[in-house]
Every structure is written in structure tokens, then in C-alpha cells.
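A.B. asks: Here the protein sequences line up with chains A and B, keeping their order.
Add 97 to the 1-based position in the first sequence for this note's numbering, that's all there is to it.
Add 9 to the 1-based position in the second sequence for this note's numbering, that's all there is to it.
Where hints are given, some of them may not hold.
Said to hold, decoys possible - List time: in silico PhoX-like cross-link candidates among lysine-lysine, alpha-carbon distance up to 20 Å:
{"no.": "1", "chain 1": "A", "residue 1": "LYS347", "chain 2": "A", "residue 2": "LYS398"}
{"no.": "2", "chain 1": "A", "residue 1": "LYS370", "chain 2": "A", "residue 2": "LYS239"}
{"no.": "3", "chain 1": "B", "residue 1": "LYS132", "chain 2": "A", "residue 2": "LYS398"}
{"no.": "4", "chain 1": "A", "residue 1": "LYS387", "chain 2": "A", "residue 2": "LYS412"}
{"no.": "5", "chain 1": "A", "residue 1": "LYS360", "chain 2": "B", "residue 2": "LYS120"}
{"no.": "6", "chain 1": "B", "residue 1": "LYS507", "chain 2": "B", "residue 2": "LYS552"}
{"no.": "7", "chain 1": "B", "residue 1": "LYS586", "chain 2": "B", "residue 2": "LYS600"}
{"no.": "8", "chain 1": "B", "residue 1": "LYS577", "chain 2": "B", "residue 2": "LYS600"}
{"no.": "9", "chain 1": "B", "residue 1": "LYS94", "chain 2": "B", "residue 2": "LYS127"}
{"no.": "10", "chain 1": "B", "residue 1": "LYS507", "chain 2": "B", "residue 2": "LYS600"}
{"no.": "11", "chain 1": "B", "residue 1": "LYS132", "chain 2": "B", "residue 2": "LYS143"}
{"no.": "12", "chain 1": "A", "residue 1": "LYS398", "chain 2": "B", "residue 2": "LYS120"}
{"no.": "13", "chain 1": "B", "residue 1": "LYS120", "chain 2": "A", "residue 2": "LYS347"}
{"no.": "14", "chain 1": "A", "residue 1": "LYS180", "chain 2": "A", "residue 2": "LYS154"}
{"no.": "15", "chain 1": "B", "residue 1": "LYS127", "chain 2": "A", "residue 2": "LYS398"}
{"no.": "16", "chain 1": "B", "residue 1": "LYS532", "chain 2": "B", "residue 2": "LYS489"}
{"no.": "17", "chain 1": "A", "residue 1": "LYS387", "chain 2": "A", "residue 2": "LYS398"}
{"no.": "18", "chain 1": "B", "residue 1": "LYS127", "chain 2": "A", "residue 2": "LYS347"}
In short, the hints are calculated from the structure, not lab data.
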Amino acid sequence: MNRIRQHLCHLRTVWAPRLSAARKVCLLLGFTLALNLTLIHPPSLARDLQDVLKAGKLRHLGIPYANFISSIESGLDVELMRKFSAYLGVEYEFVNSSWRDIVADLTGKTFQTHGEDVILTGKCPVQGDVIASGFTILPWRKKLIDFASAYFPTGVWLITYAGSDLSPVTPTGSIQNDINAVKKKLNGRSVLVLEDSCLDPSLYKLEETGASIQLLDPSRDICEMIPLVIARIVETTLMDVPVALIALEKWPGDIKIVGPVSKRQEMAPGFSKSSPELKAAFETFFKRYKSDGSYRRLVMKYYPSVFTYYPDFLK
Amino acid sequence: MILRHLKKQITSRLPVFWTIHQKKPILALTAASLLLVAFIIFLVVSNFRSQMALREASLNRFRLYLEKRATSLGYFFSERKYDLKMLAHSREINNYFINRTLGMSVQYGLKVNLFMIKQLLEKTLAARNIQGTKIYSRFVLLDNAGNILVDTAGKLDRHFAVPRPVQGSPDFFLTIEDNQPQLLISTSCSYKGKTAGGLVVWLNDRALFSHFLTLNDNNTRSGAGVLDDKGNTLLPDSAAPQAIIQQVLHETLKKRNKPSVFYEQHPLGRGNQEMLMACLPIPNIGLQYLAWIPTDQITGGFTPMRLIIGMGALAIVVLVALGSILWFSAQNLILKTRFDEAAKQQTILFSKNQQLKAEIQKREQAECELVKQRTLRIRSDRLRSLGEMAAGIAHELNQPLVGVRGFAELMIYALDNEQDPSIDSIRDYAEKIVSQADRMVHIINHIRLFARDAGGVETSVVDLNQTADSALNLLRAQFKSHGLRLQQNFSAHPLWVKVNAFSVEEVILNLLSNARHAVEQRKAVEDKSYHPCVRVNTSAYCKNGSPAIAVLVIDDNGNGIDQDVADKIFDPFFTTKAPDKGTGLGLSICKSIVESFEGTIEYVCAADEWTRFEIRLPICAQEG
Chain A
98 MNRIRQHLCH
108 LRTVWAPRLS
118 AARKVCLLLG
128 FTLALNLTLI
138 HPPSLARDLQ
148 DVLKAGKLRH
158 LGIPYANFIS
168 SIESGLDVEL
178 MRKFSAYLGV
188 EYEFVNSSWR
198 DIVADLTGKT
208 FQTHGEDVIL
218 TGKCPVQGDV
228 IASGFTILPW
238 RKKLIDFASA
248 YFPTGVWLIT
258 YAGSDLSPVT
268 PTGSIQNDIN
278 AVKKKLNGRS
288 VLVLEDSCLD
298 PSLYKLEETG
308 ASIQLLDPSR
318 DICEMIPLVI
328 ARIVETTLMD
338 VPVALIALEK
348 WPGDIKIVGP
358 VSKRQEMAPG
368 FSKSSPELKA
378 AFETFFKRYK
388 SDGSYRRLVM
398 KYYPSVFTYY
408 PDFLK
Chain B
10 MILRHLKKQI
20 TSRLPVFWTI
30 HQKKPILALT
40 AASLLLVAFI
50 IFLVVSNFRS
60 QMALREASLN
70 RFRLYLEKRA
80 TSLGYFFSER
90 KYDLKMLAHS
100 REINNYFINR
110 TLGMSVQYGL
120 KVNLFMIKQL
130 LEKTLAARNI
140 QGTKIYSRFV
150 LLDNAGNILV
160 DTAGKLDRHF
170 AVPRPVQGSP
180 DFFLTIEDNQ
190 PQLLISTSCS
200 YKGKTAGGLV
210 VWLNDRALFS
220 HFLTLNDNNT
230 RSGAGVLDDK
240 GNTLLPDSAA
250 PQAIIQQVLH
260 ETLKKRNKPS
270 VFYEQHPLGR
280 GNQEMLMACL
290 PIPNIGLQYL
300 AWIPTDQITG
310 GFTPMRLIIG
320 MGALAIVVLV
330 ALGSILWFSA
340 QNLILKTRFD
350 EAAKQQTILF
360 SKNQQLKAEI
370 QKREQAECEL
380 VKQRTLRIRS
390 DRLRSLGEMA
400 AGIAHELNQP
410 LVGVRGFAEL
420 MIYALDNEQD
430 PSIDSIRDYA
440 EKIVSQADRM
450 VHIINHIRLF
460 ARDAGGVETS
470 VVDLNQTADS
480 ALNLLRAQFK
490 SHGLRLQQNF
500 SAHPLWVKVN
510 AFSVEEVILN
520 LLSNARHAVE
530 QRKAVEDKSY
540 HPCVRVNTSA
550 YCKNGSPAIA
560 VLVIDDNGNG
570 IDQDVADKIF
580 DPFFTTKAPD
590 KGTGLGLSIC
600 KSIVESFEGT
610 IEYVCAADEW
620 TRFEIRLPIC
630 AQEG
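When you get a sec, could you build the whole thing from the sequences and use the hints?
C.D. replies: Right, here's the structure in full:
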């Protein structure tokens with residue numbers, strides 16, 4: 098444990114300042130590379146419904162993440178996509194991706210984000226037909242892909258370890274006030290975040306709070322963020338609500354919720370903008386799947402407590 | 010008493026010889042009856058004692074059964090206490106209090122703990138069941154202020170009075186909710202050695218009652234429940250009448266302060282049905298198990314006293330039946346004796362009837378013989394009369410015979426002495442001979458008919474004067490030969506009567522014969538101045554100017570009839586003559602003959618002077 102802590106401290110102290118300069122260099126190189134690839138390689142388009150039917154296979158892009166994708170065989174999104182594949186009459190295939198590459202794997206386009214802005218940097222092979230991985234609807238993402246109807250509520254909370262002197266906020270009845278109260282507490286506190294995900298600090302303007310932003314090493318799993326907090330390598334971390342609920346069950350007495358960082362968000366499957374028919378097919382499938390109560394049962398299986406926080410969910 | 014009466018009845022009705030012979034069997038039967046009664050009494054007593062022992066055993070078994078149920082309830086409640094303890098110390102509840110201590114709000118974090126607690130409680134609700142019946146109906150998690158944090162019934166906004174949980178063993182208590190008694194168990198939840206909240210559970214009535222409280226029967230008058238030390242009760246909402254429940258509670262609360270088990274019988278409910286009531290402490294908790302049940306459900310509806318009454322009734326029935334059998338047997342014996350006597354009487358009567366028949370037959374034979382004898386006597390009498398009339402008959406026949414001889418001699422003389430006798434004179438003589446012969450034939454025929462038809466019943470209309478004259482002709486010569494005078498004075502007019510002429514002649518001959526005897530007897534004793542005489546007169550007695558009755562009177566101046574025998578002269582076989590002179594039937598035959606022609610015969614006499622017989626016959630018209 099101490100070795101992990103030392104390693105993470107080294108990561109934080111040595112690599113974090115360097116990451117900012119390296120990221121700029123990489124972005125520049127990546128942009129150049131993407132431009133070359135665009136010029137050299139013909140553009141590759143994501144598959145639409147007919148292509149999927151023709152191929153006889155639906156490729157599900159995902160990242161092992163909480164109870165959305167527990168494994169290749171289980172998880173809310175895995176089961177949902179399997180049902181969708183069955184609905185289409187094609188085979189199901191899980192394509193493991195990463196938070197950084199998952200959109201590119203769907204669209205076949207590399208890009209850079211800055212806040213809500215997106216800059217295309219090149220092309221890449223299309224790896225899948227649909228993203229479903231507890232994928233939060235974010236503005237920059239909407240610029241790259243089409244989201245189907247929202248299928249899961251979420252939000253982002255700030256979590257700290259139990260012994261922290263950072264006390265949880267007292268609900269005021271206004272989430273915005275509660276967000277502000279949390280941000281006020283972040284001044285001088287370290288916050289572990291994950292870029293290019295819903296935990297990206299730029300989405301919530303955390304830089305303005307005076308907090309010490311700690312980026313999670315892209316090679317590491319998002320699931321390691323709370324253990325890093327428990328190990329007190331970082332003081333706080335952002336975490337979306339579904340994962341925070343699981344963490345509370347998993348590590349009772351080790352963490353505490355400080356308060357909200359975002360307003361309510363929604364998750365939804367993402368489709369390539371070149372796959373409107375596939376998206377429409379999913380909408381049709383999901384409408385039916387929801388109406389017969391199957392989806393509610395699926396949610397109850399993986400996130401039973403979500404209804405306590407979002408009573409209006411699925412109503 | 011019955012036997013004595015029966016014996017008296019029998020001995021009074023039966024013949025003495027029967028009573029003597031049947032005395033031993035009756036005594037034996039009486040002894041057998043007494044033995045039977047003694048045996049029945051023995052059975053009744055034995056059964057009564059057995060029933061009492063059985064009743065006591067049933068009560069003891071019921072007592073043990075209730076104690077076992079109370080013990081089972083104790084174990085059951087111990088398990089519930091354990092359940093509650095485990096829940097109170099569960100990770101979920103502990104996490105909640107940890108997170109709450111960390112300052113987390115319900116909105117941001119604690120909701121998930123409460124959700125998990127609710128899940129745990131609901132899982133426990135579902136898991137704890139007895140044969141599909143849930144043991145718990147509701148869980149509630151409270152904070153120290155009494156606010157409901159989790160309620161499996163979803164009644165978070167409702168306030169109810171639950172005793173503040175205290176540290177220690179889970180506590181049982183009864184409360185009223187929605188007018189329904191509820192049994193609750195509460196325990197405290199602690200965190201870091203301090204009471205942080207409480208957990209309360211509602212026990213499901215159905216599981217409690219159906220498996221632990223209610224007695225195993227379908228009787229609606231029985232019931233069971235739980236009673237706490239404050240007098241609060243948890244009773245089944247069974248079909249037991251409220252009146253019974255109230256009385257049970259009243260009785261129970263009166264005895265509640267008694268130590269240990271109390272177990273009593275009380276007449277309860279409608280019809281004062283006897284109820285068994287029990288109030289037993291449930292081990293390890295401050296509750297008591299209360300139960301009541303109709304006594305007859307345990308000991309059976311047939312109480313020993315009823316058994317005695319029933320057996321006594323049975324004994325009486327047996328005795329009555331035995332007495333009836335004896336009585337009917339005695340009646341049968343009486344009837345049999347009477348029947349035997351009647352059979353004997355019938356046999357005797359039959360033999361006597363046979364004797365009587367034989368006697369009747371003999372008498373009939375005797376009467377036939379008598380009739381024969383009478384007929385013979387009459388015949389001999391008549392022949393004797395004919396004998397007596399023989400002189401007259403001879404005289405009658407002699408006269409024409411003399412004429413026949415004379416005219417025959419004249420014819421002979423004429424034939425011998427006259428050379429030329431005239432044929433006319435010969436014819437005249439021959440005709441006169443024929444005439445005399447006809448006269449003799451007539452006489453002989455008359456006598457023959459008299460002998461044959463006298464006493465006959467065939468009648469014809471005859472002149473009484475001619476009939477009397479014919480009879481007188483037969484006796485006239487006899488009277489003359491005996492020197493007796495026979496006078497006749499007949500009616501100038503014929504007297505037509507419908508009679509048998511020869512029978513009337515027989516009557517006249519009899520009366521004339523008697524008259525002759527009378528005058529001859531007097532003549533024998535009288536001097537020469539006496540002139541015996543018999544007179545026969547006929548006349549008619551007129552009625553309304555015309556002749557109606559023909560009267561024939563025969564009187565004599567003989568010696569009359571003695572006054573001593575005057576009443577007997579018409580009796581058969583009565584005679585004053587010597588046996589060789591008469592049969593004694595003459596006057597009786599005369600009377601019967603005259604009466605057969607609807608006539609009468611009467612007499613008057615003066616002793617030693619005269620006798621007069623008068624025959625009256627109805628006159629009838631002359632035939633053709």
C-alpha cells in the first residue's frame with residue numbers, strides 16, 4: 098500500500114507538470130499526423146444498419162466501468178446491447194476501448210477537445226457500431242456522435258476519504274447552491290479527474306476553484322480513482338453518481354460524499370452520425386424494451402438504488 | 010319391588026299347582042336379574058372411574074400441550090430477538106450510522122445506505138417465513154429522535170408511539186394500531202458504544218396465530234393469545250364470540266398475579282359451557298400465553314356423570330325389559346294353562362256329546378220301538394176290537410148266508426119237485442142269492458177296510474150319521490147277545506164332516522166298547538132292576554142360524570169313572586182294565602184322531618152312575 102502511495106505521489110509530483118507540455122507537443126504531432134492520414138488514407142465511415150445486418154454482427158464499444166460493463170458477459174450496457182443485437186438478428190461482439198479512444202473508435206476520426214470545443218485531427222479505423230458504456234451526454238460528444246434517447250440519469254459528485262477534514266455539504270434544496278458550496282471547499286484541495294470523460298475538470302471549470310487538478314494516468318482504470326482517494330494519494334476525486342453509489346456500498350466508512358459538482362446529467366448510447374438507421378433501430382428497440390418493463394428490471398439488477406436518488410427515472 | 014309385584018301377579022293368576030312347580034325357575038330368574046343389575050352397577054362404577062382417570066389424563070395432556078406451546082413460543086421469540094439483534098448490528102445499518110457520523114447528508118450519500126438497509130429488511134421479511142407465512146409484517150428503523158428512517162411498509166410520514174429503544178436485549182411490547190393489537194419487538198442500534206437509533210419489527214399475526222398461538226382445532230369457541238404484564242392482550246381475530254373473549258380476559262386478569270401456571274375451569278359463554286383456561290408464562294420474555302377451550306373438546310362431550318346417568322338408564326331399561334319378559338312369560342303360562350284346561354273341557358264335552366248322541370240315538374230307537382209297539386198294540390187293540398166285533402160280524406154274515414141257503418134250497422126244491430120249473434122263479438131265486446152274496450161282500454170289504462184304514466189320515470167328506478150307523482152295525486149283535494140295549498138317535502139331516510170315516514168308526518167302536526164294559530161291570534153288581542143301556546145320538550150345533558158343529562154323543566149308565574183317574578183317562582197306556590183286557594191306548598188314540606180332524610172330545614161322568622162322551626167335528630159342505 099505504501100509502495101502504491103509512493104508511486105502515485107511520484108506520478109503526481111513528477112509527471113503532472115510535464116504532462117501539460119507533453120500534451121501540447123503530442124497534440125501538435127497528432128494533428129499533423131491526422132492531417133497526413135486524412136490526405137493519404139481515404140475516409141472510413143461507420144457502418145449503418147444495413148452494413149451491420151450484412152455483416153451479421155453488432156460491435157459494441159465499451160470500457161469496463163462500474164456496473165455498466167462488468168465484464169464481456171455482464172453489465173447493464175452489455176446486456177442491453179446483447180438484447181439489441183438479438184433484436185436486429187445479428188451476433189454481438191464486445192470491443193474493448195478506452196475513454197480517450199472510444200469516440201474515435203466509433204467515428205473513425207481522431208480529435209482534440211478543449212472545453213466544449215472539438216478539433217478533428219485525423220482518421221482512424223472504425224472499431225465499433227455503438228458506444229454504450231455509461232456514456233454521459235456531453236456537449237463536445239454531441240458534436241462528434243449522435244446520442245440515442247437518454248437511458249440512465251447521472252451526475253458528478255466529489256468524493257473524499259472518511260478521515261478527511263473536508264465535510265460534506267448540507268443540502269440547501271438547490272443543486273446549484275450545493276455545487277457552489279462544494280467548489281468553495283476545493284480551494285487548495287487535490288482533485289483526481291479523468292480527461293475526455295464525464296470527469297473531465299474542464300466540464301465543471303474546476304480550474305477556477307483553486308483546486309489542484311490531478312489527471313489520472315490514461316493507462317490506469319477509472320475504477321482505481323476511489324482507491325487512490327481511500328489510499329489518500331489524492332484528497333478528493335470526481336465520480337459519477339452510479340459509480341459513487343457502488344463505491345458507498347463497496348467501501349462503507351472509507352469514503353464520504355462531499356457534494357455535487359454537476360447538475361443532473363444523462364447517459365445514452367452513442368451512434369456515429371453516419372449510422373442514423375442503426376440509431377433509429379435502437380430507438381425502436383429501446384422503446385419496446387422499456388415499455389414492457391424489461392429495462393426497469395435490468396436497471397434494478399445492476400443499479401437498484403438509482404431510483405432512490407432519481408425517483409422520476411423511468412416514469 | 011317390581012319383582013315382588015310380578016311374583017305376586019304371577020302367583021295370584023296361576024293355578025296353585027303351576028306356582029308350586031314354577032317357583033324354582035322364578036327364583037332363579039330373579040337371582041339372575043339381580044346378578045345382572047349388580048354386574049351393570051359394577052360396569053357403571055368401573056366406567057365412571059375409567060372416565061374420571063381418562064378425563065384427568067386428558068387434562069394433564071392438554072396442560073403439557075399448552076406448556077409445550079408456551080415453550081415453543083419462547084423459542085420462537087428467542088429466534089426473533091436474535092434476528093433483530095443481527096439486523097441491528099448488520100453492516101448496512103452500521104454503514105448508515107458511520108456515514109451519518111461522517112456528516113453525509115441523505116440527499117448526497119445516505120440515501121443509498123437507507124436503500125440498502127431497506128433492501129436488507131425486505132429481504133429479511135421475505136426470508137423469514139413459516140410454511141410460506143411471513144413471520145414479520147413490518148420493519149422500521151428509527152433515529153434517536155424517533156424519526157422513521159426506513160419503513161418497509163412505506164409509511165414514513167406516519168407517526169406512531171414506539172417506546173424509545175434502549176440498549177440491551179430486544180424488548181417485546183403490545184400496542185394498538187388502527188384499533189388492532191400488534192406485537193412488536195424493538196431493539197437499539199448502537200455505534201461506537203452509543204445508541205444511534207432503533208429497530209422495530211412487527212410480528213405477523215397470521216404466522217404467530219396459525220403456528221404458535223391457536224389451538225389445533227376448528228372450534229370457534231376456543232382461542233389463544235398473548236398477554237403482557239400491563240394487561241394488554243393480543244388475541245386472534247378469530248370467530249370466537251366477543252363475550253367469551255371478554256370473560257376469559259376478566260377471569261385471566263383476576264388470576265394474572267398468581268404465581269406460575271394457573272389453569273382453571275370456568276363456565277363461560279352461552280349455555281354456561283365449561284371452558285378450560287390457561288395462562289402460562291412464555292420463557293425468557295415478559296409475556297404470557299393465554300388459551301381457552303371448551304372442556305368437552307379435551308375431555309370429550311360425554312362426562313362421567315352423564316355416563317352414570319346413561320348406564321343407570323340402561324340398567325333400568327334392562328330391568329324393565331327383564332320384568333316385561335317375566336310378565337309376558339307369566340301371561341303366556343297363564344294362557345297356556347287356560348288353553349290346556351279348555352282343551353280338556355273340550356275333550357270332556359266331546360265325550361259327553363258322544364254319549365248324548367248315543368243316548369239320543371237309543372231314545373230314537375226306543376221311540377221307534379215304542380211307535381212300533383204302539384202300532385202293534387193299536388193293531389192288536391183294533392184286532393181285539395174286531396174279535397169283540399166278531400159275533401156281530403158273524404151275525405151280519407149269517408143273515409144273508411141263511412138267505413142264500415134258503416133261496417138255494419128253494420131252487421133245488423123247485424128243480425127237483427117241479428116238472429117244469431119256471432125260469433123266472435129260478436132267476437128270481439138266483440138274483441136273491443146274488444143279492445145276499447153282495448151284502449156279505451159289502452160286509453167283508455167294510456171290515457177289511459176298517460182293519461186297513463183305521464188310524465189313517467186320508468180324509469173325505471162323509472155323513473157322520475152313516476159312519477156312526479156302520480159302527481153300530483158292527484156291535485149291535487154283540488150288545489144284543491150280551492143283553493145290553495143299544496139305542497141310536499141320529500140327526501134327521503146328514504152331518505157332513507171331513508174325516509177319515511174308518512178312523513171315526515174306530516173312535517165310536519172304542520167309546521162303545523168302553524161303554525159296554527162300564528154297563529157290564531155295573532150290571533154285575535146291580536140287581537135285576539138295572540137295565541144297562543148305551544145311547545148314541547148325533548146332532549148339529551148351529552151358529553148364526555146354520556149348522557157349524559156336528560156333535561156325536563155316546564153315553565151309558567155304567568159305573569162311571571172314578572174321580573181319582575178322571576184326569577188320566579186320555580193318557581197313553583192308562584187303563585183300569587186287566588192287562589189282558591186293554592192296552593190303555595184307546596182313549597188317547599181317540600183324542601188324537603178327533604184332534605187330527607180339528608175336533609174335540611170331552612166327557613162328563615157321575616161316579617157309579619153314568620158317563621157321557623161328546624165329540625165335536627166341524628161341519629163342511631157336501632162334496633160333488
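A.B. asks: Could you check the structure against the hints above and give me the numbers of any it violates, in ascending order?
C.D. replies: none
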